[in-house]
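Since the structure of chain A is provided, determine the placement of chains B, C and D on it from the hints.
The listed protein sequences derive, respectively, from chains A, B, C and D. This note's numbering applies: residue 6 is where the first sequence begins, and numbers increase by one. This note's numbering applies: residue 6 is where the second sequence begins, and numbers increase by one. This note's numbering applies: residue 6 is where the third sequence begins, and numbers increase by one. This note's numbering applies: residue 6 is where the fourth sequence begins, and numbers increase by one.
Hints should not be assumed to be uniformly reliable.
Identical copies carry no separate label here, and so any pair may be met within one copy or between two of them.
Said to hold, decoys possible - As a list, the in silico DSS-like pairs of lysine-lysine whose alpha-carbon atoms are at most 30 Å apart: (1) 34 x 99; (2) 99 x 117; (3) 85 x 117; (4) 34 x 85; (5) 117 x 96; (6) 34 x 96; (7) 96 x 85.
Hints were generated in silico from the structure; no laboratory data involved.
The chain contents come next:
There are 4 protein chains.
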Amino acid sequence: MAEPFRYETRIRFVDTDASGRIHYTSLFKFFEAAETELFREFDISYTRGTFNFPRVHAECDIQLPLLHDDLIEIEVCLTKLGRSSMRFEFKAIKGGLVAATGAVIMVCMDRKSQRAIPIPDELRARFAEILIEA
Amino acid sequence: MAEPFRYETRIRFVDTDASGRIHYTSLFKFFEAAETELFREFDISYTRGTFNFPRVHAECDIQLPLLHDDLIEIEVCLTKLGRSSMRFEFKAIKGGLVAATGAVIMVCMDRKSQRAIPIPDELRARFAEILIEA
Amino acid sequence: MAEPFRYETRIRFVDTDASGRIHYTSLFKFFEAAETELFREFDISYTRGTFNFPRVHAECDIQLPLLHDDLIEIEVCLTKLGRSSMRFEFKAIKGGLVAATGAVIMVCMDRKSQRAIPIPDELRARFAEILIEA
Amino acid sequence: MAEPFRYETRIRFVDTDASGRIHYTSLFKFFEAAETELFREFDISYTRGTFNFPRVHAECDIQLPLLHDDLIEIEVCLTKLGRSSMRFEFKAIKGGLVAATGAVIMVCMDRKSQRAIPIPDELRARFAEILIEA
Chain A
6 MAEPFRYETR IRFVDTDASG RIHYTSLFKF FEAAETELFR EFDISYTRGT FNFPRVHAEC
66 DIQLPLLHDD LIEIEVCLTK LGRSSMRFEF KAIKGGLVAA TGAVIMVCMD RKSQRAIPIP
126 DELRARFAEI LIEA
Chain B
6 MAEPFRYETR IRFVDTDASG RIHYTSLFKF FEAAETELFR EFDISYTRGT FNFPRVHAEC
66 DIQLPLLHDD LIEIEVCLTK LGRSSMRFEF KAIKGGLVAA TGAVIMVCMD RKSQRAIPIP
126 DELRARFAEI LIEA
Chain C
6 MAEPFRYETR IRFVDTDASG RIHYTSLFKF FEAAETELFR EFDISYTRGT FNFPRVHAEC
66 DIQLPLLHDD LIEIEVCLTK LGRSSMRFEF KAIKGGLVAA TGAVIMVCMD RKSQRAIPIP
126 DELRARFAEI LIEA
Chain D
6 MAEPFRYETR IRFVDTDASG RIHYTSLFKF FEAAETELFR EFDISYTRGT FNFPRVHAEC
66 DIQLPLLHDD LIEIEVCLTK LGRSSMRFEF KAIKGGLVAA TGAVIMVCMD RKSQRAIPIP
126 DELRARFAEI LIEA
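Chain A with its partners taken away, still in its complex shape (with noise of 0.2 Å):
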């Protein structure tokens, strides 16, 4: 991937709160809206396996307030993958400037087990075609 993958959303009402910005909560929505459109623009699909990815962390950093009705942009890159786990970072990017940053780590599960399992190869060849380490 020649380079980070962006997806444009606007702040809704409900994602305001009594403060007049966004609560920060809603900024991992938007993170994972962005997840979600990575993987439609790659033609990636996991929910349909023996296995599937909860998220086992997730971080944020707010630097400038988002407010109802901003537009922005949440660019999202995969920048780890390791042997059951992937590190995917976020910015949100209202008029240029970033706002927030973010991550979340997801591990391969397998649903049964409810263990740890070694990300199936043929789905790890398609999450290292989006990989861009650091």
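Frame of chain A; chains B, C and D shown alone:
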């Protein structure tokens, strides 16, 4: 049931929006929590059968503003017990005043066929115990 | 307005619940986003005045299940323009079928007095342009 | 403060997603509720001053699945009290086991200038009472 069941809760910061008040979708979340607590109180469970109860209708009317950290009581009653459907009615009470009212209708649906079925007799008998007809 | 405004969106993972379907509160969030986009399309703004438009009623009826990643269109119409209040009606359309319908009523409220006031004439004229009476 | 404050709550249906587990963003909502209850317990209030405390960082790590209706305790500690910032740490405990951990950092910000300012002395003294340094 002699009188309506009441569930006490707080409006959380995440429930508010940039108007400084509760976002009305959070009212429905509180209604749902009250319904769960009503079922717990009467030891009614239906989550492990071959059917479930999707909601087919929801409504609310807002009379008074609800703010962050307001302590409210949600009053919940089963007011109609049909062949396949049930109607629950709700009041959100703040300082003795009704701040909002609402209702949901749920239908007994066979998980496999995804069609409405009569509420099983044993379960209907349990629901009948908590019915408060208008 | 010749015909209802339509806003396209996706059901996100966070919008689902353990039933595997959308949680109905997320329908209201999509209705709200559609309303915002309708106002943008017609360049109607009312957020900086001495009044606002709190919602006093909301309702929805669900006909078909909506699932993660479903592409839906939200159709939104202003169907009643009263002295102080407005009614917006919504349809959530999936693959050409109506999956859900809904409505919200909002009231023009003076920010200071927190009382209903007539919709200001200039704004009313703008709303009248998008009115589609049943 | 002799020991961490604990706030008990339930995982609600709306907190789950189509994986059948809690959506991780709901963990942050529970962390926030626990923080509010901690402040209530110690009668600390800061919402009416000329400053507020926006969050600049949030993180969580998930160890065990949390399901609908699970009863959990959120343990919350103030673990760092800087000149302008504070770090709160959280554990979500289910049946005696740590299901998730997390942290948020908030910064004292002047409402007008939107810049970080030192935490006012009187308020700092109150926070110091609940500080549990690692």
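Here is how each hint holds up against the structure:
1. 34 x 99: both (16 Å within a copy, 22 Å between copies)
2. 99 x 117: between (42 Å within a copy, 21 Å between copies)
3. 85 x 117: within (26 Å within a copy, 40 Å between copies)
4. 34 x 85: both (21 Å within a copy, 28 Å between copies)
5. 117 x 96: between (34 Å within a copy, 27 Å between copies)
6. 34 x 96: The answer is both: 13 Å in one copy and 22 Å across copies each meet 30 Å.
7. 96 x 85: both (16 Å within a copy, 27 Å between copies)
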